[in-house]
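Q: Here the protein sequences come in this chain order: B and P.
With the first letter of the first sequence counted as 1, position 114 gets the number 114 in the UniProt record's numbering; the numbers rise by one all the way through.
With the first letter of the second sequence counted as 1, position 178 gets the number 178 in the UniProt record's numbering; the numbers rise by one all the way through.
In case anyone wonders, no lab produced these hints; they're calculated from the structure.
Just to be clear, a hint being listed does not mean it is correct.
[As the list claims (entries may be wrong)] Some chain P residues judged to face chain B by a derived CB distance under 10 Å, without partners named:
| id | residue |
| --- | --- |
| 1 | R71 |
| 2 | I102 |
| 3 | G106 |
| 4 | A213 |
| 5 | A215 |
| 6 | P218 |
| 7 | E249 |
[Said to hold, decoys possible] Quick list of in silico lysine to any residue cross-link-like pairs, SDA-like style, CA-CA up to 20 Å:
| id | chain 1 | residue 1 | chain 2 | residue 2 |
| --- | --- | --- | --- | --- |
| 8 | B | K93 | B | K171 |
| 9 | B | K268 | B | A28 |
| 10 | B | K93 | P | G225 |
| 11 | B | K288 | B | K311 |
| 12 | B | K164 | P | T91 |
| 13 | B | K288 | B | E310 |
| 14 | B | K93 | B | Q147 |
| 15 | B | K97 | P | A260 |
| 16 | B | K93 | P | E246 |
| 17 | B | K97 | P | P256 |
| 18 | B | K268 | B | A32 |
| 19 | B | K93 | P | A260 |
| 20 | B | K420 | B | L404 |
| 21 | B | K97 | P | E246 |
| 22 | B | K414 | B | A296 |
| 23 | B | K80 | B | F33 |
| 24 | B | K164 | P | P97 |
| 25 | B | K93 | P | L272 |
| 26 | B | K97 | P | I259 |
| 27 | B | K93 | P | G277 |
| 28 | B | K311 | B | K171 |
| 29 | B | K93 | P | L264 |
| 30 | B | K93 | P | P268 |
| 31 | B | K80 | B | L37 |
| 32 | B | K164 | P | Q93 |
| 33 | B | K97 | P | R209 |
| 34 | B | K164 | P | C84 |
| 35 | B | K171 | B | K97 |
| 36 | B | K164 | P | A120 |
| 37 | B | K164 | P | A66 |
| 38 | B | K164 | P | G225 |
| 39 | B | K97 | P | V283 |
| 40 | B | K31 | B | G121 |
All C-beta atoms in this analysis are idealised placements derived from N, C-alpha and C, irrespective of residue type, glycine included.
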Amino acid sequence: MSAAEKTAAAPSGQRSRKLLACTAEANAYQKAFGIELRRRVVEEGEPFAIVQADTPHEIFHVMDIPIITNQWWSAYISAKQLSNRYFDVMVEKGYPKNSCKYCSLGLACTLANDPSTAPWGGLPTPTVLVARMTCDCIQHVFGQWAQAMGTEFFAMEAPAWEHKDPQWFAKSRGDWENVYDADRIAMMVAEMRDLITLLENRTGRKFDEAKLHHLMERINEQEGYIWEAAQAIGNARPCPVSIAEQMPNTMIPQWHRGSDWAVAHAKKFRDQVMERIASGAGAAANEKIRLMWIGAGVWHDPGFYQALEEKLGAVFVWSMYMPFAGPAYLRDVQGRPMDALASRVCSMNEVLHLPPWMNGWMVSEAERCGIDACVVLLPPDNRLSQSGTKITAAALEAAGVPVLMIDADMVDAKNWDHAKMVGMVDSFLHQRGVA
Amino acid sequence: MTMFAYLGPDMPHDLFAASGRCGGAVGWIIDRATPDADRWLESKFPLWTRSVLQDWADGALDHLEAVVFTRADDSAQRLYYYVCELRANGTIQGPEPLMLDIAKAGRASSLARTVASLRALQGRLGVDDAALEAGIAATNAVRAAQAAAMDEAAPLCLIAGTPAPDDRLRAMVRAAGWAAAGQSLTELWADLGQPVEQGSSDPVLAVARNLVASAQGPRAFVDRGAGLVAQAQALKARAVVLWLPEEEEALGWHLPVQIAALTLAGLPHLVLTRRDGAGRDGVDAEIAAFLQGVAA
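My request is simple: use the sequences and hints to build the entire structure.
A: What follows is the structure, encoded as structure tokens:
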């Protein structure tokens, strides 16, 4: 990239302020993990897979097969300020300019075929790419990505869900077979067994169900710490840590879920949250307004979430990532680790983007956390990410929570102006009488 | 069940024929105002979903007992959940939404899922295997007759990309003095597809195999570049218009390969992306100018 291009692509985002020691440790671990992953995959040529976030990572962890999560890889590319360049490449290659950007940045990087600028010089050929077909676009993105890399795409179904329980989040740990439908779980187990067969044949590494059982219990321990901390944050006044710190301390261990480091880090995070609550320390010096953020994280501008803390005492206390640890991850294994895992994965996306699960959970969470107002991200080019937001906004308004919906993309920095977005939230809070 | 209708591609028309109660696809008028639907549906939902949901809210579908949705189209399957929610909270009334879970991944588990979903719908419609077998025979006869009729047509400009919401794009082509080919969305959904195996021991399985293999919807795993050229050549098309509205999410991913295939085949083509879903953005003039250029 030329200097002129770098200037043109410069994002308006700002860094976030960190209060917890463990946040820096998590980021450092992830950085070291990236280096180690690169060593294993690029330098050592180990078999690896590219997978979506809502796929059964646990299978790969049990088989010790490195995975590159598409969303993590996208964030990595974005952090290198390459997203604008790669999206331009897609347009040059004939893709419509409004193509969904959330899941396609990795494909764009591959199609750009420019090892001199690509992270890690570009990825080697993976053993397989895996995605659940949760929208109309992902199978095309992953299918073309696999073709471009000369490998196979393993598509997993996102079966229809006819048992609709708005209170799913209160029952998902123990009653998962009813909440998520036994037949949907059985189908995903069958798919996972097909995936395991493919991986065993291609890599020579073996899957061990006993190891999965152990991993599932360790994940329960890890996510239990996160869930405990999320409960405490919801009850605490002031909020001890902003979502800018909740996200990395939840997500980074979740990429490594069930590992010794991940479990230990989750415990450490919980302890540091509890310490701040016990001492009365708040994310903001003078918390007055508790905000909810609905949507993926704005990775290109983490400072957005803390921008109004000083001026208005407005603190983003809730985003989905941390409280999701409880209902989405905790599973009583019940001697059936494959089924329990399938119940975790088979609706991971649906509960966040479809009624009645999305609105049911988010209204409940707003009440639990004493939310004063909510900001919803509405990506213009992504039906999946948009889905359920209007019905959820209406439900929140009906519950007395004012809602601001902002049109912006979580990975495309082009349409994001930090000052403008902060100003919008500021105006909204004043107009609705919250500030 | 009295009368039902459907929304989405890859429908089991043989089963519907056997039931004798299918009223066809739910209709729409995409130019109408949809104030209620706009409060519930986000911007990437296509115009037809807004018209349908508005009709649902207005009671215009109350004559139907049920509407069958499929998962073979993202807009249709999402609309199903919205309708369920709005009915559950009493915001709207109207027919019962039913989901037919078409699984396209191509593995045995996907076929089994589709079979199970079809059997549930079969039971709901009160159609036994013998009646379904008769429905397959009758529908295959219609398929054969339609194939013969299609051979007689001589369209010159193929409209491809996103199926248009109605006849308006073809009318634009005809207004330019050309014959027009290319199915509208409801015509695509009503397309009976390939013949279904007759006399099998399991007619539901026979129908399911066709639906899973169907290339009709946006979730089909097919080569859309070669497929487009083959379609254009079969129709003896002299030009192709590739039209994709702003709301399109799936088919744009195949645009580069389709453009390359058309170029290689020497087929003149006009690419129209991010267009107004109702064709109110001057697309008629662009099509006319393009076809005039091809004719010259």
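Q: Against each hint, give a clear statement of whether it holds in the structure.
A: Evaluation of the provided hints:
1. R71: holds (5 Å)
2. I102: This interface hint holds because 9 Å falls under the 10 Å limit.
3. G106: This hint holds: G106 (chain P) lies near chain B, its Cβ roughly 8 Å from the closest one there, short of 10 Å.
4. A213: Not OK, violated: A213 (chain P) not within 10 Å of chain B, min 15 Å.
5. A215: Given a least distance of 14 Å, the restraint on A215 (chain P) is violated.
6. P218: OK, holds: P218 (chain P) within 10 Å of chain B, min 5 Å.
7. E249: holds (5 Å)
8. B:K93 - B:K171: With a Cα-Cα distance of about 47 Å, the restraint between K93 (chain B) and K171 (chain B) is violated, given a limit of 20 Å.
9. B:K268 - B:A28: holds (15 Å)
10. B:K93 - P:G225: Holds, at roughly 15 Å.
11. B:K288 - B:K311: OK: K288 (chain B) and K311 (chain B) at ~10 Å, within 20 Å.
12. B:K164 - P:T91: holds (17 Å)
13. B:K288 - B:E310: holds (10 Å)
14. B:K93 - B:Q147: holds (16 Å)
15. B:K97 - P:A260: Holds - the C-alpha atoms of A260 (chain P) and K97 (chain B) are around 18 Å apart, at most 20 Å.
16. B:K93 - P:E246: holds (19 Å)
17. B:K97 - P:P256: Between K97 (chain B) and P256 (chain P) the Cα gap is close to 12 Å, so the pair holds against 20 Å.
18. B:K268 - B:A32: Satisfied, since the Cα-Cα distance of roughly 19 Å is no more than 20 Å.
19. B:K93 - P:A260: Cα-Cα ~10 Å, so holds.
20. B:K420 - B:L404: Within the cut-off at roughly 14 Å; holds.
21. B:K97 - P:E246: With a Cα-Cα distance of about 10 Å, the restraint between K97 (chain B) and E246 (chain P) holds, given a limit of 20 Å.
22. B:K414 - B:A296: holds (17 Å)
23. B:K80 - B:F33: holds (17 Å)
24. B:K164 - P:P97: holds (13 Å)
25. B:K93 - P:L272: holds (15 Å)
26. B:K97 - P:I259: holds (16 Å)
27. B:K93 - P:G277: violated (24 Å)
28. B:K311 - B:K171: violated (40 Å)
29. B:K93 - P:L264: The given pair, whose Cα atoms are some 16 Å apart, holds under the 20 Å limit.
30. B:K93 - P:P268: OK: K93 (chain B) and P268 (chain P) at ~19 Å, within 20 Å.
31. B:K80 - B:L37: holds (17 Å)
32. B:K164 - P:Q93: Status holds; Cα separation ~18 Å.
33. B:K97 - P:R209: violated (36 Å)
34. B:K164 - P:C84: OK: K164 (chain B) and C84 (chain P) at ~9 Å, within 20 Å.
35. B:K171 - B:K97: violated (42 Å)
36. B:K164 - P:A120: holds (17 Å)
37. B:K164 - P:A66: Roughly 18 Å between the alpha carbons, so the hint for K164 (chain B) and A66 (chain P) holds.
38. B:K164 - P:G225: violated (39 Å)
39. B:K97 - P:V283: holds (18 Å)
40. B:K31 - B:G121: Given pair K31 (chain B), G121 (chain B) holds - Cα atoms ~17 Å apart, limit 20 Å.
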